[in-house]
Amino acid sequence: MSEPMLKVKGLEAWYGESHVLHGVDIEIAEGEVVTLLGRNGAGKTSTLRAIMGLIGRRTGSIRFEGTELIDLRPDLIARTGIGYCPEERGIFASLDVTENLMLPPTLRPGGLSIAEIHTLFPNLKERARSPGTKLSGGEQQMLAIGRILRTGAKLLLLDEPSEGLAPVIVQQIGRTIRELKTRGFTVLLVEQNFRFAQTVADRHYVMEHGRVMDMVPNAELGASLDRLNEYLSV
Amino acid sequence: MDEIFGIPAPLLFGQLLLGLINGAFYALLSLGLAVIFGMLNVINFAHGAQFMMGAFAAWMLLEYAGLNYWWALLLAPLLVGAFGVILERTMIARLYKLDHLYGLLLTFGLGLIIEGVFRNQYGSSGLPYRIPPQLSGAWDLGFMFMPVYRGWVVAVAAVMCLATWLVIEKTKIGSYLRASTENAALVQAFGINVPRLMTLTYGAGVALAAFAGVLAAPIYSVNPQMGSNLIIIVFAVVVIGGMGSILGSVITGFGLGIIEGLTKVFYPEASSTVIFVVMAIVLLARPAGLFGRA
Numbered sequence: 400m401s402e403p404m405l406k407v408k409g410l411e412a413w414y415g416e417s418h419v420l421h422g423v424d425i426e427i428a429e430g431e432v433v434t435l436l437g438r439n440g441a442g443k444t445s446t447l448r449a450i451m452g453l454i455g456r457r458t459g460s461i462r463f464e465g466t467e468l469i470d471l472r473p474d475l476i477a478r479t480g481i482g483y484c485p486e487e488r489g490i491f492a493s494l495d496v497t498e499n500l501m502l503p504p505t506l507r508p509g510g511l512s513i514a515e516i517h518t519l520f521p522n523l524k525e526r527a528r529s530p531g532t533k534l535s536g537g538e539q540q541m542l543a544i545g546r547i548l549r550t551g552a553k554l555l556l557l558d559e560p561s562e563g564l565a566p567v568i569v570q571q572i573g574r575t576i577r578e579l580k581t582r583g584f585t586v587l588l589v590e591q592n593f594r595f596a597q598t599v600a601d602r603h604y605v606m607e608h609g610r611v612m613d614m615v616p617n618a619e620l621g622a623s624l625d626r627l628n629e630y631l632s633v
Numbered sequence: 009m010d011e012i013f014g015i016p017a018p019l020l021f022g023q024l025l026l027g028l029i030n031g032a033f034y035a036l037l038s039l040g041l042a043v044i045f046g047m048l049n050v051i052n053f054a055h056g057a058q059f060m061m062g063a064f065a066a067w068m069l070l071e072y073a074g075l076n077y078w079w080a081l082l083l084a085p086l087l088v089g090a091f092g093v094i095l096e097r098t099m100i101a102r103l104y105k106l107d108h109l110y111g112l113l114l115t116f117g118l119g120l121i122i123e124g125v126f127r128n129q130y131g132s133s134g135l136p137y138r139i140p141p142q143l144s145g146a147w148d149l150g151f152m153f154m155p156v157y158r159g160w161v162v163a164v165a166a167v168m169c170l171a172t173w174l175v176i177e178k179t180k181i182g183s184y185l186r187a188s189t190e191n192a193a194l195v196q197a198f199g200i201n202v203p204r205l206m207t208l209t210y211g212a213g214v215a216l217a218a219f220a221g222v223l224a225a226p227i228y229s230v231n232p233q234m235g236s237n238l239i240i241i242v243f244a245v246v247v248i249g250g251m252g253s254i255l256g257s258v259i260t261g262f263g264l265g266i267i268e269g270l271t272k273v274f275y276p277e278a279s280s281t282v283i284f285v286v287m288a289i290v291l292l293a294r295p296a297g298l299f300g301r302a
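Chains as they are written, first to last, in the numbering used here: chain A, 400 to 633; chain B, 9 to 302.
Honestly, the hints are just simulated from the structure, not real lab data.
No experiment lies behind these values; they were computed from the predicted model shown.
Incorrect hints may have been included.
To be verified - Just some of the chain B residues that point at chain A, by a computed CB distance under 10 Å:
| # | residue |
| --- | --- |
| 1 | Pro141 |
| 2 | Leu143 |
| 3 | Ser144 |
| 4 | Ala146 |
| 5 | Trp147 |
| 6 | Ser183 |
| 7 | Gly199 |
As the list claims (entries may be wrong) - Computed cross-link-like contacts, EDC-like style, restricted to lysine to aspartate or glutamate with a CA-CA straight-line distance of at most 16 Å:
| # | chain 1 | residue 1 | chain 2 | residue 2 |
| --- | --- | --- | --- | --- |
| 8 | A | Lys580 | A | Asp470 |
| 9 | A | Lys408 | A | Asp470 |
| 10 | B | Lys178 | A | Glu431 |
| 11 | A | Lys580 | A | Glu431 |
| 12 | B | Lys180 | A | Glu429 |
| 13 | A | Lys580 | A | Glu562 |
The beta carbon of each residue, even a glycine, is placed where N, CA and C say it ideally should be.
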């Protein structure tokens, strides 16, 4: 494997006094879909937030396509070509659906067109003029993913896109992620639902106590179920 | 139609016009405060001083550079806005992570210092600033005389309020502003330079205050206290309209100016307190203000 697209090494992070990441190591090659699995509080969301610079303090190294991100501001990190979809979805109530969709600035050429996003998520077209927070949970999730596809970001950080959604919507999100992979997007996905994770991902990192404990290729997931259950069961 | 409700019509309309003029200033000033508060979470107590600086900038441009009112209307907001940008970069930006109270104390102190400097330099008796010749005189509307300049102030203030509203509600940069008011960290994580947006917002709010100051220069005399006299009422307007609500501050500004004017006609004793009575009632009924989101 040549130099990975994203290489996180020895990442430590703090929220105020509380030390939440204790040396996270992750590598993702271009075009891969990789998940972070783990229990609540294992540090999955904190890892994504730390990559985006949305955390109090962080040390270690985050290299994206050869650029070191550890000392950059969040807007400059995004400008290197990373799209972020937060766990709470972050749909803006004072903006309508179209304004929400158009909000993130274009970072690079090569993003999806509005027409392509509307093909992926037809609901967004029908609700174009609704205030963002009048959408259903599933539609909000589609909007939160859709708006970062426009920007030309090649690496997408998705924080629990399946959370709290009806099974049929989860399936649609899953199809979307597979579709994005065929289009050449690279995805780092935080998940608690590893049945969903195994339908979309190439590899899985397992986190516990702010560290990556294990890495399981998707093909070996069945054989590693006992090991995984030990990490994930409550 | 010489009398309405037993009040001579010219008196009634005269006070209504005066109320509308005051309302125009309340609206312009509370608009700037609302925009600044929405984006920066800072209650800008230096707003009155910045309004006064606008009026002084107009006077100085005329006195020292020979530039007339029309130039002042353009240059004073730019100059005072640039001063605001410097304040934000060097001082206010350091307080965003702290409680509101720190921003309030800092800007309150800055306001006092600015006022003190101008009082020291120019005294407090006030400097004259003449109505530009193009806007002097009065129209005879039949039922009353309307000074042209006063009509101009109301019209320009209304246009400025509308323009600000359009920028915030209908443009791309306005959508960044609205989104940052809700969740600035996420907007920044999309690649938008939020710290710079905050600086520009503060500068624009201050420029709006200075613009109002230039409009006010020919009406009120240009003096160091002109802002602090007005700003207390403007804060009441902001509280009544709802902190951070753009439309709320415009409607409330004009509305309260008119209420104040009418009170001067019907019960002059209450005219200086009526706004605070309204504020108390509104706060009891709707603590978030008339247009505020709770």
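Worksheet item: Hint by hint, which ones does the structure fall short of?
Response: Going through the list in order, the structure violates hints 1, 2, 3, 4, 5, 8, 10, 12 and 13 and respects the others.
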